[in-house]
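J.: The chain contents come next:
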Amino acid sequence: MATLQLLRWAMPLRGRCLHTAPNSTAAALELIRAQPSQYVVASFVGKKYILTPRDLLTVPHLRDVKVGDVLKLDEIHELGSREYTVRGNPTLPAAKVQVQATVVEHTKGSMEIKFKKKRRKGYQKTIKHKHPFTRLRIGDIVINPAPESSST
Amino acid sequence: MSLPAALRSRAANGHAAYVPAIRKLVFEFCTSWPTSQPTRTFLVNSLQKLARANPHVEVVARERVHREPIIRGFYANGRDKVISLKGLEPSGIRKKVELLLDSSGAKIKPLKSRPVESSTESVRGIWSGVHAPRPTL
Numbered sequence: 001m002a003t004l005q006l007l008r009w010a011m012p013l014r015g016r017c018l019h020t021a022p023n024s025t026a027a028a029l030e031l032i033r034a035q036p037s038q039y040v041v042a043s044f045v046g047k048k049y050i051l052t053p054r055d056l057l058t059v060p061h062l063r064d065v066k067v068g069d070v071l072k073l074d075e076i077h078e079l080g081s082r083e084y085t086v087r088g089n090p091t092l093p094a095a096k097v098q099v100q101a102t103v104v105e106h107t108k109g110s111m112e113i114k115f116k117k118k119r120r121k122g123y124q125k126t127i128k129h130k131h132p133f134t135r136l137r138i139g140d141i142v143i144n145p146a147p148e149s150s151s152t
Numbered sequence: 001m002s003l004p005a006a007l008r009s010r011a012a013n014g015h016a017a018y019v020p021a022i023r024k025l026v027f028e029f030c031t032s033w034p035t036s037q038p039t040r041t042f043l044v045n046s047l048q049k050l051a052r053a054n055p056h057v058e059v060v061a062r063e064r065v066h067r068e069p070i071i072r073g074f075y076a077n078g079r080d081k082v083i084s085l086k087g088l089e090p091s092g093i094r095k096k097v098e099l100l101l102d103s104s105g106a107k108i109k110p111l112k113s114r115p116v117e118s119s120t121e122s123v124r125g126i127w128s129g130v131h132a133p134r135p136t137l
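Those protein sequence lines, which keep their order, are chains A and B. Per the UniProt record's numbering, the very first residue in the first sequence carries number 1; after that it's consecutive. Per the UniProt record's numbering, the very first residue in the second sequence carries number 1; after that it's consecutive.
I should point out that these hints are in silico values taken from the structure, not numbers from a laboratory.
Distance windows between CB atoms, simulated:
id: 1; chain 1: B; residue 1: TRP33; chain 2: A; residue 2: ASP74; range: 48 to 56 Å
id: 2; chain 1: A; residue 1: VAL142; chain 2: B; residue 2: ASP80; range: 31 to 39 Å
id: 3; chain 1: B; residue 1: THR136; chain 2: A; residue 2: LYS47; range: 32 to 40 Å
id: 4; chain 1: A; residue 1: PRO60; chain 2: B; residue 2: THR136; range: 43 to 51 Å
id: 5; chain 1: B; residue 1: ALA6; chain 2: A; residue 2: THR126; range: 46 to 54 Å
id: 6; chain 1: A; residue 1: ALA95; chain 2: B; residue 2: ARG8; range: 32 to 40 Å
id: 7; chain 1: B; residue 1: ASN54; chain 2: A; residue 2: ASN144; range: 36 to 44 Å
id: 8; chain 1: B; residue 1: SER119; chain 2: A; residue 2: THR126; range: 32 to 40 Å
id: 9; chain 1: A; residue 1: VAL45; chain 2: B; residue 2: LYS107; range: 19 to 27 Å
id: 10; chain 1: A; residue 1: ALA95; chain 2: B; residue 2: VAL116; range: 19 to 27 Å
Note that CB positions come from ideal geometry on N, CA and C, so glycine has one too.
The following block holds chain A by itself, in its conformation from the complex:
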């Protein structure tokens, strides 16, 4: 079971606490869930990004993915809000936090022109290149989702 540290960023109240520190993972996540907005630090294609709902994430072109597909972010390292943060070891369990991303488009960036020249040698060439990208829209951060009841 991954151990979770709860870090509190709010100003210390010098001995008077409004509430006691949570003693279970569920209570900690419930505290974060109660705050107005949350963010997530997730790895995607090997790189880490700080993501919030409704963000547009641009990554190099993903081959096996079509426009409109919904992907699940399964490497979430940190979940945080204004006053609390929960860090995974190294990732948070997928059952506790779920974030989806919808593929919005496959585009190309603007034209990049590389000019190479060696002087007095008659060597020069121009390389034109448009890098392909995939853009994804991040969905809502679902914390402590209700366990799915298996119906038989």
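For chain A, the structure is supplied; the task is to place chain B on it using the hints.
T.: Frame of chain A; chain B shown alone:
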């Protein structure tokens, strides 16, 4: 009565529901010129399959007399993309069709520098010198 900017809703296609950006694809070709021959072959062989595979797109084939063949994509943001099919074989035409179907219609802009584009306000808040604990030496 116009809403102030703070109360306006911001579009985020794909957040809750995804609506495909492309709405219409128009193939324009000439019936007589030989430069349109690969386009005509593509339309005869693959157009119906393409239209069935993309039910959200209105597919149109028009005649463009004595001109080079082109393909126009019309998008939900009101923009259109026009690609010339001159010198392309059916496989090349298929690639251009996929390019149009995958695009959102937005103008091409440099995308390397900023991976995350966010309109959400900062979650942890912006540091304020007045509200931070006073540093002590």
